[in-house]
Amino acid sequence: MAEKVIVCKELTKRFGDFYAVNKISFAVNKGEIFGFLGANGAGKTTAMRILCGLSHPSSGEAQVAGYDVYRQAESIKKNIGYMSQKFSLYENLTVAENIEFFGGVYRVPAAEIQKRSDALLQKLGLTGEAKKLVGALPLGWKQKLAFSVAIFHRPRIVFLDEPTGGVDPVTRRQFWDMIYEAAASGITVFVTTHYMDEAEYCDRVTIMVDGKVEALDAPSRLKAQFNANNMDEVFYQLARGAKRSGD
Amino acid sequence: MSVLRYLLKKEFRQIFRDKTILAMMFAMPTVQLIILPLAMNFDVKQVNLAVVDNDHSSYSRQMVNTIGASGYFRMVAAAPSFPAALQYIEREKADLVLEIPAGFERNLVREGQQKVGISIDAINGTKAAIGGNYLLTAITDFNKDLPVNTAARLSPAAGGIDLTWSNWYNPLAIYKFYVVPAVLVLLLTLIGGFMSALNIVREKEVGTIEQINVTPIRKWEFILGKLIPFWLMGLIVFTLGLLVAWGVYGIWPVGSFALLYLFAAIYLVALLGFGLLVSTYTSNQLQAMFVAFFFMMIFMLMSGLFTSVDSMPPWARLIAHLTPITHFIKVMRMIVLKGSGFADVQREFGYLVVFALILNGWAILNYRKTS
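Listed in order, the protein sequences are those of chains A and B.
Just so you know, the first sequence maps onto residues 14 to 260 in my numbering.
Just so you know, the second sequence maps onto residues 2 to 372 in my numbering.
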């Protein structure tokens, strides 16, 4: 039985009488790539924000990295990395300055920051751009950099909220190579996406519809269960009945 | 502690990267401190006077000459009648009309008394009151030297009360001495208030605050990381202002610099706390700008910068005392012009410390990493 790094039971987030997240329960194993799928407005981002300690749940239980989301949100934050839907590195700081800042606030020792930063720039092929402002980089590079910064402090879990939105197919492929690499190093990856081809890359996927978890399994087994050729068809069968749509 | 160091490094890098804002932060206090006090000159120097002399005697001419020689008046017209003189006031050519009735000299000599009429354009209350006073003084001077009065004053005891006075701390009663220290505080308030109010909210708008909130940064570290850079910039702006006050206006603080800087330091903490508080309550820069502007206007007009706080109605005085700037302006004037020591201003010191604690405590409390 694999170690579980995220466990939620009947987790709910209510805004007035609107249930953004409605009694969802699932567990994520250590080191797996866990895909979180759903139409716009299905509640993916809200659920992810609760697990990251950015939003208080209304009811239900959740533990992340062994810490309770109600009482130990700050302990959770030390053990996770997060890449939001909205690009959120500092555009008016350089590549190297962003890396240094986020390394620093996660208390990575200064010498270690320097070492990892050099290695990272090398790997991304950004050594020549280290002194450029992040705002001046093309989107694909920004996203790769944001992901690298999110796992720079070697968290136990990294949460990625639609990390490849608006990125070209080649860069998307490279991005997923980076995700695999991170998972191989033992980081659990929790990723939301709209792209069904990306769902195929995940170890297991959850499909959310109207705030509820409608399916959870490995992509191959979901396809068998729904008698579908690809994840697109699985998603379509489930999401067709959704009442919420749009953002 | 090391987290704070990284936060500070980041803030300073961002401040120094935006050259426009940096330039404005230093150009604003310099340029505006040079310009604004010139416009805020309340000294009444030239009162326009229209004279209606119905007597045409040597006494009446003598009185008009005395008034003219006082140096405060400009004779704009010698009108043939009172209605004609009023025309000058209506056309804003004259501020005052002096009407000398027929029989002025005869009555003075024979009966020992005579009335003259003064009409004042009171739309500008300050100018009217001061102009009227000048005229009264000039007429009193003339009156004193009349033979009727000099003859009566044979014995020294009959002289009545003779007043002498002197202006302390600002001997020539020059308005800029009163205004420049206060304008300096105002500029410091505007820069510090707006910069800090817009800062956190900017991170909200761009989305970087989310990335901060998901890190283990503590709230007080974040707030301090925002406060310290602006605090230092504020002290630089303050220093720059003092230099301008000295270089351009020759105002060199009479009191101690240490005390002045102690107050500036505490005041800035209170002010930046206010800005950060606005920043935590608003969700975009436009909102923050409006909310900050709302308070800035109150700060500006209620602070005793233009008018005396003591002559406000009680409820207005209460509002004035609830704004930190009022206390700092008062203390600035006291230290710069009078050389007041700590004992004279300790109550204001107490007020500012309380403001600093409440505003910053509130800002930290209201900044939420988890919504």
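Derived from the structure by calculation, the hints contain no laboratory data.
Be a bit skeptical, because a hint or two may be false.
Said to hold, decoys possible - Each computed DSS-like pair below joins lysine-lysine, with the alpha-carbon atoms no more than 30 Å apart: (1) Lys116(B) to Lys128(B); (2) Lys99(A) to Lys94(B); (3) Lys370(B) to Lys43(A); (4) Lys155(A) to Lys370(B); (5) Lys94(B) to Lys46(B); (6) Lys99(A) to Lys17(A); (7) Lys136(A) to Lys10(B); (8) Lys99(A) to Lys128(B); (9) Lys370(B) to Lys99(A); (10) Lys22(A) to Lys91(A); (11) Lys128(A) to Lys177(B); (12) Lys155(A) to Lys46(B); (13) Lys256(A) to Lys22(A); (14) Lys256(A) to Lys99(A); (15) Lys94(B) to Lys10(B); (16) Lys177(B) to Lys145(A); (17) Lys17(A) to Lys370(B); (18) Lys91(A) to Lys128(B); (19) Lys46(B) to Lys99(A); (20) Lys43(A) to Lys145(A); (21) Lys144(A) to Lys99(A); (22) Lys370(B) to Lys91(A); (23) Lys145(B) to Lys155(A); (24) Lys145(A) to Lys225(A); (25) Lys225(A) to Lys370(B); (26) Lys205(B) to Lys144(A); (27) Lys145(A) to Lys94(B); (28) Lys91(A) to Lys220(B); (29) Lys144(A) to Lys43(A); (30) Lys91(A) to Lys20(B); (31) Lys94(B) to Lys155(A); (32) Lys155(A) to Lys10(B); (33) Lys20(B) to Lys144(A); (34) Lys94(B) to Lys128(A); (35) Lys10(B) to Lys145(A); (36) Lys17(A) to Lys43(A); (37) Lys36(A) to Lys370(B); (38) Lys91(A) to Lys128(A); (39) Lys43(A) to Lys91(A).
- request: Of all the hints given earlier, name the ones this structure violates by number, lowest first.
  value: 2, 8, 11, 12, 15, 16, 18, 19, 20, 23, 24, 27, 29, 30, 31 and 34
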